[in-house]
Amino acid sequence: MKHIKVGDLMTDEVVSVVTSTSFKDVAKLLAQHDISGLPVLDEEDRVLGVISESDLIVRQTAEHPLMGDVPGGRGTFPSEVSFTAGEAMSAPAVTVHVEETAAGAARLMAHRGIERLPVVDEEDRLVGIVTRRDLLLLFLRPDAEIRRRAVEEILTDTMGLGADAVAVHVLDGIVTLDGRLERQSQIPVLVRLTGQLEGVVGVVGRLTARVDDSPLTTAPRSPLGMPW
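For the sequence shown, the positions run 5 to 232 when this note's numbering is used.
The hints are simulated quantities; they were obtained by calculation from the structure and are not laboratory data.
Backbone N, C-alpha and C define an ideal beta-carbon position, used for all residues, glycine too.
Label-pair ranges, simulated between beta-carbon atoms:
1) Asp-46 <-> Arg-196: 35 to 45 Å
2) Thr-160 <-> Arg-129: 36 to 46 Å
3) His-7 <-> Gly-166: 18 to 28 Å
4) Asp-182 <-> Arg-129: 44 to 54 Å
Whole structure, please, built from the sequences with the hints as guidance.
Here you go:
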């Protein structure tokens, strides 16, 4: 069964900086491109870290605290800020491989609480960036496409069943499976695989089987070999 990869959704035109980029230039890039963070690269385009708006603010405040204790004066910030992207970035960077599934990238974002992920190739070089907005496309897939993939990729290609083995209905991302399979053990497999399709919100299984091949529960035995 095919899964949508990060490389299918990422943006390959990435705004990035190097460690020597100045605070002012980083701030300009963030404002010009209306983004909240930038990957920081080394001379071979490997991702060393990420610098965000919050990184700039925290570092600026630490370097130049509000000067409110000057006798007879008001609190002011110094006009010059001299630190670089390499000094203020968050490192190591959280990245995702270009061949990772989109679902895996979404789980990583949720776990780390981040909005975007730099995408790297086999040599950890930057090739793109993927955002939460990009991943929302997974849940905007047409019902007809979800049904087609359920029938072609799961019923026929993966499970070796006929395209009409069960009736597949999809409405607003919810898949209903209705029919009779040969073996009971096929039911949880079909439901699980269907739930893994991109765009599927839920699966309703109305399935029965001709043969119950589920393993029988063996009664526990005593040390003497007799059932309790």
